[in-house]
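Below, each chain spelled out in residue letters.
4 protein chains.
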Amino acid sequence: MHKLNNDYLEDAVEDSMPFAAQGEVNTSLPDLDGTKKDLLGVTILTTDQQKFTGGNWEQTVPMQSTSKIISLMLALHDFGKDRVFQAVGMEPMGDFFNSISQLESYDTSKPFNPMINAGAIAVSALIKGHNNNNRFERYLHFLQRVTDNQELHLNEQVYEAEKANGARNRALAYFMESVGTLITDVEEALDLYFRINSVMMNCDDFAKVGLFLARGGRAPDNDEKLIPANHLRTVNAIMMTSGMYNSSGRHAVEVGFPCKSGVSGSIIGVVPGLMGIGIVGPAIDEKGNSTAGGALLRKLSQDLELNLFGDGHIYGRGISGGV
Amino acid sequence: MHKLNNDYLEDAVEDSMPFAAQGEVNTSLPDLDGTKKDLLGVTILTTDQQKFTGGNWEQTVPMQSTSKIISLMLALHDFGKDRVFQAVGMEPMGDFFNSISQLESYDTSKPFNPMINAGAIAVSALIKGHNNNNRFERYLHFLQRVTDNQELHLNEQVYEAEKANGARNRALAYFMESVGTLITDVEEALDLYFRINSVMMNCDDFAKVGLFLARGGRAPDNDEKLIPANHLRTVNAIMMTSGMYNSSGRHAVEVGFPCKSGVSGSIIGVVPGLMGIGIVGPAIDEKGNSTAGGALLRKLSQDLELNLFGDGHIYGRGISGGV
Amino acid sequence: MHKLNNDYLEDAVEDSMPFAAQGEVNTSLPDLDGTKKDLLGVTILTTDQQKFTGGNWEQTVPMQSTSKIISLMLALHDFGKDRVFQAVGMEPMGDFFNSISQLESYDTSKPFNPMINAGAIAVSALIKGHNNNNRFERYLHFLQRVTDNQELHLNEQVYEAEKANGARNRALAYFMESVGTLITDVEEALDLYFRINSVMMNCDDFAKVGLFLARGGRAPDNDEKLIPANHLRTVNAIMMTSGMYNSSGRHAVEVGFPCKSGVSGSIIGVVPGLMGIGIVGPAIDEKGNSTAGGALLRKLSQDLELNLFGDGHIYGRGISGGV
Amino acid sequence: MHKLNNDYLEDAVEDSMPFAAQGEVNTSLPDLDGTKKDLLGVTILTTDQQKFTGGNWEQTVPMQSTSKIISLMLALHDFGKDRVFQAVGMEPMGDFFNSISQLESYDTSKPFNPMINAGAIAVSALIKGHNNNNRFERYLHFLQRVTDNQELHLNEQVYEAEKANGARNRALAYFMESVGTLITDVEEALDLYFRINSVMMNCDDFAKVGLFLARGGRAPDNDEKLIPANHLRTVNAIMMTSGMYNSSGRHAVEVGFPCKSGVSGSIIGVVPGLMGIGIVGPAIDEKGNSTAGGALLRKLSQDLELNLFGDGHIYGRGISGGV
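Chains as they are written, first to last, in the numbering used here: chain D, 575 to 897; chain A, 575 to 897; chain W, 575 to 897; chain Y, 575 to 897.
Hints in this document: simulated from the structure, not taken from any laboratory. Don't take every hint at face value.
Pairs count within a copy or across copies, as identical chains cannot be separated in the list.
Heads up, simulated DSSO-like pairs for lysine-lysine below, C-alpha to C-alpha not over 27 Å straight-line [claimed, not checked]:
1) Lys-873 / Lys-799
2) Lys-577 / Lys-611
3) Lys-610 / Lys-873
4) Lys-611 / Lys-702
Computed from a prediction, not measured in an experiment: that's the story for all the values here.
Whole structure, please, built from the sequences with the hints as guidance.
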């Protein structure tokens with residue numbers, strides 16, 4: 575049994591950091607100050623209001639694909655489950671996150687799920703607003719409430735890089751237009767998608783999103799219920815089956831609680847009822863997941879017995895003193 | 575909040591039975607006595623040794639694909655995780671359970687996971703034994719211990735039907751031989767696979783398997799630990815991401831705990847630490863899952879708050895009096 | 575044996591016209607004056623300078639995919655075979671002309687051949703010119719020389735329709751950019767592609783292109799050799815294996831000489847050494863080929879013994895008096 | 575212009591032999607006496623009854639896939655075009671000859687064409703006979719008439735090797751059974767397929783088959799018409815679009831007349847009205863075609879102007895003195 579405290583987390587980070595050597599930093603993102611390969615940071619926020627940190631937890635990186643769960647929550651809020659899942663499926667895919675073949679092969683040509691690029695473009699296109707500025711403002715406002723951080727904002731350098739490297743996402747979006755999946759203007763949908771990927775966050779911010787999903791969708795400042803239970807379960811379950819790209823199956827076995835990764839090396843983790851986890855480790859593997867971050871999650875899951883599919887008991891038993 | 579008792583289960587079965595009309599009984603199986611389209615039965619066994627039943631819980635059906643979790647446990651026991659996952663992946667697939675294209679497209683030509691036919695053939699081929707009789711005996715003995723039911727045995731009619739309708743499985747197995755995935759004799763591997771699919775079980779038996787996975791892999795008769803914690807988590811996690819064929823993503827959203835279905839309309843459900851669930855409802859949808867059984871699982875999950883990805887609390891809160 | 579003359583052609587058109595009922599006019603093209611479903615026209619131009627016509631041979635339609643052979647000739651002229659076939663393959667595909675899966679699956683992500691949309695976009699991007707106006711001028715000038723028709727020009731309505739319905743082509747082009755296949759500016763490449771598809775031609779014009787390919791690439795006015803023998807064989811051979819979309823195999827069996835079709839219902843036919851054929855029949859099948867035009871080609875091939883794969887003799891024996 | 579004689583052919587073989595170094599001999603075939611990597615032989619038989627040979631033309635090798643055109647002719651004879659093309663398509667495929675994905679993806683699950691393994695299994699299953707011995711006897715008798723060689727017979731060693739290495743073909747056949755494409759007994763169909771691949775032939779024999787297809791399907795001994803014109807065109811056309819596996823498009827460009835290759839390094843060539851060509855060159859490329867044989871075909875096509883898609887004239891002009 576392990577005591578969950580800052581010392582434990584520092585040790586866990588130190589143990590996991592060597593796995594950074596197995597990955598590479600995503601070169602399509604701008605060389606932001608301090609984004610080095612062997613960085614690793616973590617913040618854990620518990621539902622009983624404790625906070626623990628380890629390593630380079632203050633390092634900011636772009637949200638990248640971790641934004642997909644924010645836009646999914648907002649689209650569910652704006653349009654409800656039926657409409658959202660007309661535009662996108664909820665099945666794991668078994669192929670790389672930017673696959674276009676799978677888009678063509680799937681029955682109705684809707685993307686497999688909201689965690690892959692095509693699905694996230696289709697979902698973010700559902701966010702209500704009278705123009706893209708307004709839609710992004712609503713996204714940012716929601717994100718600021720969830721994280722209780724009014725400072726979050728779009729990073730122009732990242733946004734420009736997203737646009738400059740957007741060919742594959744353009745292909746996905748125009749394909750969806752051609753089969754009638756994407757009914758809004760393609761360039762506008764892409765522009766919004768590029769913006770929401772370009773907000774900088776640190777481990778605290780990522781952990782706040784995890785905590786929001788772990789404690790019933792309540793705002794951190796005033797406990798207001800921002801998202802109903804039904805939508806929350808939907809988001810957590812889809813993170814479980816599809817959140818770690820085409821390593822989601824392995825992640826379920828080895829970590830065993832819902833997570834969402836981004837190619838910036840960020841990971842949001844959700845242990846329902848117990849804690850939110852935010853990780854930054856910029857070196858990623860060929861599937862797009864932080865290598866050191868993955869090692870850290872495996873360690874946390876094992877030490878603290880956070881695996882939901884565990885050994886004949888309800889998870890979380892491994893934390894001495896409890897959470 | 576709901577009281578979990580027989581009356582509640584009878585009502586739940588009655589509510590769910592109409593969904594049988596949306597499915598069809600699998601005609602490739604022999605017309606076994608009493609396997610009618612509108613049957614639905616359920617047994618729930620809790621970790622604190624209570625038993626509840628509803629509907630046609632005594633109806634037996636062939637194990638079919640529910641056998642896949644038994645053979646996975648046995649192969650993990652016999653060879654360990656590393657060897658088993660050399661032969662098969664652990665990623666959900668996004669295609670039908672008998673897809674052969676996915677077999678050819680996947681990097682190393684190993685099947686995506688042990689819950690699809692190709693994967694289960696590869697896994698069952700790992701079960702130790704000096705011949706097929708011996709391998710099947712070991713399988714049956716393990717199944718009898720897990721279910722505490724010495725009466726379980728192979729049904730010859732089902733076995734003959736499996737062999738007669740085995741063309742697709744033969745295609746999968748010979749393909750795996752041709753790419754070096756399946757190293758044992760193909761016809762022997764298929765014969766064993768057909769046998770293990772042909773054991774008849776009722777809801778009690780299926781629930782016993784679920785309970786075994788929910789309470790730490792301990793034998794029901796003497797609490798002996800038959801399977802280590804690590805393997806148990808592996809099996810439960812793979813059931814979560816791939817257990818309901820290419821409806822596993824939807825199942826995670828709507829039900830939210832590990833299940834495995836068979837085309838006989840059987841379902842094994844696992845709520846870790848709380849209960850095992852056995853369901854029989856022979857009418858299946860085009861993906862191979864019991865339609866009425868699925869409705870019943872959704873109802874149980876919602877009423878008893880069994881969804882692992884739930885609303886800011888640890889699951890199981892919906893049961894009055896507790897389990 | 576048949577006498578090839580205008581009466582014969584009128585009869586052949588009349589026999590073939592009923593097949594128009596099996597097709598539909600492509601509705602993504604503007605409703606140009608007189609493009610009716612049951613139109614059918616043909617012009618045959620022989621290498622010994624005879625001309626025969628039948629039906630609505632004066633009807634103009636947009637070039638659409640028949641432009642693909644003009645841009646292939648021009649790209650071969652501008653860059654040579656090695657460079658062109660770095661950008662595109664020369665294998666028939668076995669899938670629909672706008673398939674994007676095949677693009678992703680093919681080894682090097684280059685399009686299968688220059689007769690499918692992706693391949694034609696990649697090929698036309700190779701046409702030399704200091705800007706798109708200049709490139710299109712060169713295309714048009716070459717087309718005017720080949721057809722000996724200075725009146726040919728871009729139809730603005732068709733061009734606008736191409737742009738408005740260009741989502742799938744945009745998806746293909748951006749995908750190629752994302753894998754490094756398309757190295758020019760995507761929007762510029764698409765704009766040129768849309769322009770070259772938008773020239774209006776009648777059966778005489780289409781037959782002129784066929785004759786050019788049948789008589790050694792010599793200009794009709796002064797017999798100047800515009801294209802070397804090697805390139806000419808390349809174009810004719812690729813038309814044979816891939817010119818009729820994913821009906822090219824059937825077309826080889828039933829017609830047996832190189833043709834290229836467009837979704838406007840146009841077809842260019844080449845009988846090497848003997849004749850060029852131009853056909854307009856706007857009703858197309860689900861693969862994109864003129865239904866009545868296909869029937870007419872089958873009849874011409876059989877009556878005049880034009881099938882290159884024929885019965886123990888060299889083709890063209892069926893024409894009384896010879897050509 | 576070239577004189578077609580034995581000296582010319584010897585020189586052509588010598589020029590082409592170095593290309594053998596780019597290939598490998600198929601190791602799944604038994605190490606038959608003298609089948610060495612750098613062998614190359616050719617026989618040309620003209621429609622005006624001349625015979626020319628070069629290199630190791632007496633070397634025998636198993637027919638392998640060159641048998642596919644014999645079984646196609648026999649099936650067309652026994653059942654007619656409509657029935658045969660219910661069982662198999664006639665489109666080139668764009669994938670490797672033993673692809674199983676394409677089998678699953680194609681609309682009706684029938685194989686793309688009779689030149690790929692799945693298609694040839696389905697076609698040979700149509701050969702009439704009251705048992706497999708009788709079917710193979712009819713095949714062999716037809717082959718002996720076509721080649722005018724009563725000595726041809728099954729090689730037991732090759733047949734055993736075919737059976738021992740038959741896993742992929744078994745997979746294809748059982749897949750076809752599972753989707754209803756193959757209606758005969760699978761093991762019987764495979765056994766017949768293995769037998770017809772196992773006849774040993776030399777360049778003379780292969781050239782005889784080519785000549786048969788080049789001169790109207792007439793028996794070499796008494797000019798009896800064994801196959802009607804319609805079927806002959808069908809076979810030649812399918813060889814043109816699909817005969818060289820997924821190099822058929824390149825072959826059409828570079829050689830330009832119908833050929834069929836086998837993984838034993840054999841090639842049958844057909845120049846309609848002019849000649850049949852038989853080639854043996856055991857070193858094959860990764861697509862299954864003889865590397866030196868391909869070089870020799872390119873040289874013959876260019877020197878003798880045999881390309882059907884040629885430069886403004888009817889093919890065959892390059893032979894001095896004529897054929």
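Check your understanding: From the Cα coordinates, with 27 Å as the cut-off, is the pair Lys-611 and Lys-702 best called within, between, both, or neither?
Key -> neither (38 Å within a copy, 43 Å between copies)
Review point. Within a copy, between copies, both or neither: where do Lys-577 and Lys-611 come within 27 Å Cα-Cα?
Key: neither (29 Å within a copy, 54 Å between copies)
Practice item. Can you give me the call for Lys-610 and Lys-873, within, between, both or neither, at a CA distance of at most 27 Å? Key: Within one copy only: 22 Å inside a chain, 49 Å across chains, cut-off 27 Å.
Exercise for review: With 27 Å as the alpha-carbon cut-off, assign the pair Lys-873 and Lys-799 to within, between, both or neither.
Suggested key: between (32 Å within a copy, 24 Å between copies)
In terms of the numbered hints stated before, the structure departs from hints 2, 4, listed from lowest to highest.
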